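Visitor: Here is how the chains run, residue by residue.
Protein chains: 2
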Amino acid sequence: MSTRLPCTVEARDTWSRARALTFQTLHGSVETPIFMPVATQAALRHVDLSVASELGYQVLLANTYHLMIRPGIERFRATGGIHPFMRWGHSVLTDSGGYQVFSLSKQTKISEDGALFRSYTDGTKIMLTPERSIEVQRAIGSDIMMVLDHCISSTSDTQALRHALERTTRWAKRSFDARGNSPQSLFGIVQGGCDEQLRIESARQITDIPFDGFALGGLAVGEAKQLRDDTIEFAAQLLPEDRPRYVMGIGTPIDLLEAVRRGTDMFDCILPTALATQGVAYTSLGKVDLRRGVYRAVEQPLDAQCPCATCARFTRDYLHHLVKARESIVPQYLSVHNLTFYRSLMRRMREAILHGRFRELYENEALRLMATDLEFPT
Amino acid sequence: MSTRLPCTVEARDTWSRARALTFQTLHGSVETPIFMPVATQAALRHVDLSVASELGYQVLLANTYHLMIRPGIERFRATGGIHPFMRWGHSVLTDSGGYQVFSLSKQTKISEDGALFRSYTDGTKIMLTPERSIEVQRAIGSDIMMVLDHCISSTSDTQALRHALERTTRWAKRSFDARGNSPQSLFGIVQGGCDEQLRIESARQITDIPFDGFALGGLAVGEAKQLRDDTIEFAAQLLPEDRPRYVMGIGTPIDLLEAVRRGTDMFDCILPTALATQGVAYTSLGKVDLRRGVYRAVEQPLDAQCPCATCARFTRDYLHHLVKARESIVPQYLSVHNLTFYRSLMRRMREAILHGRFRELYENEALRLMATDLEFPT
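Chains as they are written, first to last, in the numbering used here: chain A, 1116 to 1493; chain B, 1116 to 1493.
Check before you lean on any hint, since a few could be wrong.
Any copy will do: because identical chains look the same in the list, a pair fits if it lies in one copy or spans two.
Straight-line C-alpha distance at most 25 Å; calculated DMTMM-like pairs for lysine to aspartate or glutamate [said to hold, decoys possible]:
hint: 1; residue 1: Lys-1288; residue 2: Asp-1310
hint: 2; residue 1: Lys-1439; residue 2: Glu-1189
hint: 3; residue 1: Lys-1340; residue 2: Glu-1475
hint: 4; residue 1: Lys-1340; residue 2: Glu-1414
hint: 5; residue 1: Lys-1221; residue 2: Asp-1292
hint: 6; residue 1: Lys-1439; residue 2: Asp-1237
hint: 7; residue 1: Lys-1439; residue 2: Glu-1250
hint: 8; residue 1: Lys-1221; residue 2: Glu-1169
hint: 9; residue 1: Lys-1288; residue 2: Asp-1432
hint: 10; residue 1: Lys-1240; residue 2: Glu-1480
hint: 11; residue 1: Lys-1288; residue 2: Asp-1357
hint: 12; residue 1: Lys-1402; residue 2: Glu-1478
hint: 13; residue 1: Lys-1288; residue 2: Glu-1338
hint: 14; residue 1: Lys-1439; residue 2: Glu-1316
hint: 15; residue 1: Lys-1288; residue 2: Glu-1250
hint: 16; residue 1: Lys-1288; residue 2: Glu-1480
Please keep in mind that the hints were generated in silico from the structure rather than gathered at the bench. In this text, all values refer to a predicted model and were calculated from it rather than measured experimentally.
Full structure from sequences and hints, please.
Guide: Structure representation (structure tokens):
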């Protein structure tokens, strides 16, 4: 059992598999279920880091692949890591570059040793091996490091999925060894697409290694939503009870509710800020696409229930005007709102689990959150 | 004497023509010298309005021409004006559309009646007359309205300049009559390019009308810097001592120091936020263009003297990284800094005038502020 990430299971829901954990990183307590905003290159999109802190976010996600290209490992060594670099006092989780192995696979040569990329800044070749990824993450100084995994499309054939999961296991062992005496936590990643037998094999191999937590990789990369939910439900049970479970790259509000219900704890997604860029806000009654003329002259806030600085001040009419005028402040005002929406959802889920009311919350919220994937005319 | 803008001259500098005024608008006290950030379409670029308020800005500038096109006069009538619309509790000054008469002149037909534009949203024709501009500004509900003027390039020939200033006078009278019983203040605009005789004629005609304040128009539209300073010095004396004097569209930090020294009080410019968009920050030792590689690995803030949230937290190294990474947060972090720089400059000028230290400030700052127009390597 690892001692690098002391973790307490504070409550288990009796109706579902939902749980509430508290674990300790090098930078403080983290309470689950948790959503981690994405700060790929050591900054959030549109939102001052101090706002994320005020909203109560406890972990940001940054990306090893991007940060090793720019600003580069030497800058992190010189500045003492990403926390002083971006002036963030809470926890940071670094993705390993495994997602780029998937998303940039057409321009990448993947071998047993690792993945060979070309830098997007100057075209030089970059070899990302499991050991190199850990070396970079150690320099970045994240609280939670991820192993480099071989992520492929979840809709690939069984042979390709098995090949990728076996390589992921070999890379996981190399990553674990590469961590050495670093005090940083390290999470393993279970692959296997949506194939139950493969998930069993991968989970057995990965959980044999004493990682501090475990992620379900290879999801949100092409599979249907129901299949994803089923895979999460099946695969979550294969992971140790007393360690955090992280589903990488999800999701929408309803995705988060469904994944928590199925026994997973940690999530990340670009959606709250990416939708804000487009002029779209989440509300308790559905998504509001402020580009639409129907919001002209609507003198209500985005969401009357929302305590955020945007809803406290601005009407849909005004926000619609700003979107039409292409004012650069729009993504900021909407990101603050969307991040408040996500934070509130996670907080309510945790409270419900702690107080034995998760079923009630689920039954009240599931339809409403499904509706957040739809657009309503007003 | 107008009573719509009670104004006190609190101090006059003995070494220069600099003054410190306090005047009362419908939304509070305004202390000069003052810089007014530009909120053309009822929003600041990149910066939450609450930040401008926290920095102590007392007046924002909005633009009649743009706001009449979008969201349109009906929205302001319905919402009760721009203050509730954008949730700004301090003062607003509206430009009349006169600058668009100049800047869009190639696509505009200008006649004695007014200026005929085409809307950039749907191509429909828009007739902007002096009366129409005041009607729109009354609906917008600004604290200070500007008359529609006929602004032409300051380098035009004498005949064209005289023609424009005489039309400006006729339009000023029509604007004054159109204000009617509105409690909003109204400023006249003196034209005449850089020709002293024409400035005298224009000032005589415009100050004959009991406006609440007076602007020098037709500057920062092509003339050399020294000629602009000379024109401000000459023209400022032609205006009533006890009314605010506003130089439209300037300027850089050194422009503001020179204009205050020459007896003017109010200024607006897009520079603080426009430079931020480019990755450029003002500092007490010169402009810092964060796109430049020389700022990599520089672990000092933009300006060690600056109390802003950006300088309190971030190194030039980190900000350079964000600029290179094209992170969308950059213009926000730099705008907060640049607006802090401008606000601090105006505050220090006012304090110096009030305490008889303006010469000292000028002699200390002029070279440094001239340097802010230059770039330094580190």
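Visitor: Against this structure, judge whether each hint is valid.
Guide: Going through the hints against the structure:
| no. | hint | verdict |
| --- | --- | --- |
| 1 | Lys-1288 x Asp-1310 | within (23 Å within a copy, 81 Å between copies) |
| 2 | Lys-1439 x Glu-1189 | between (43 Å within a copy, 16 Å between copies) |
| 3 | Lys-1340 x Glu-1475 | within (23 Å within a copy, 70 Å between copies) |
| 4 | Lys-1340 x Glu-1414 | neither (36 Å within a copy, 46 Å between copies) |
| 5 | Lys-1221 x Asp-1292 | neither (29 Å within a copy, 70 Å between copies) |
| 6 | Lys-1439 x Asp-1237 | between (37 Å within a copy, 13 Å between copies) |
| 7 | Lys-1439 x Glu-1250 | between (46 Å within a copy, 24 Å between copies) |
| 8 | Lys-1221 x Glu-1169 | neither (40 Å within a copy, 49 Å between copies) |
| 9 | Lys-1288 x Asp-1432 | neither (55 Å within a copy, 35 Å between copies) |
| 10 | Lys-1240 x Glu-1480 | neither (48 Å within a copy, 50 Å between copies) |
| 11 | Lys-1288 x Asp-1357 | within (21 Å within a copy, 80 Å between copies) |
| 12 | Lys-1402 x Glu-1478 | within (20 Å within a copy, 57 Å between copies) |
| 13 | Lys-1288 x Glu-1338 | neither (28 Å within a copy, 70 Å between copies) |
| 14 | Lys-1439 x Glu-1316 | neither (52 Å within a copy, 43 Å between copies) |
| 15 | Lys-1288 x Glu-1250 | within (15 Å within a copy, 74 Å between copies) |
| 16 | Lys-1288 x Glu-1480 | neither (41 Å within a copy, 62 Å between copies) |
Checked against the numbered hints above, the structure violates hints 4, 5, 8, 9, 10, 13, 14, 16; every other hint is satisfied.
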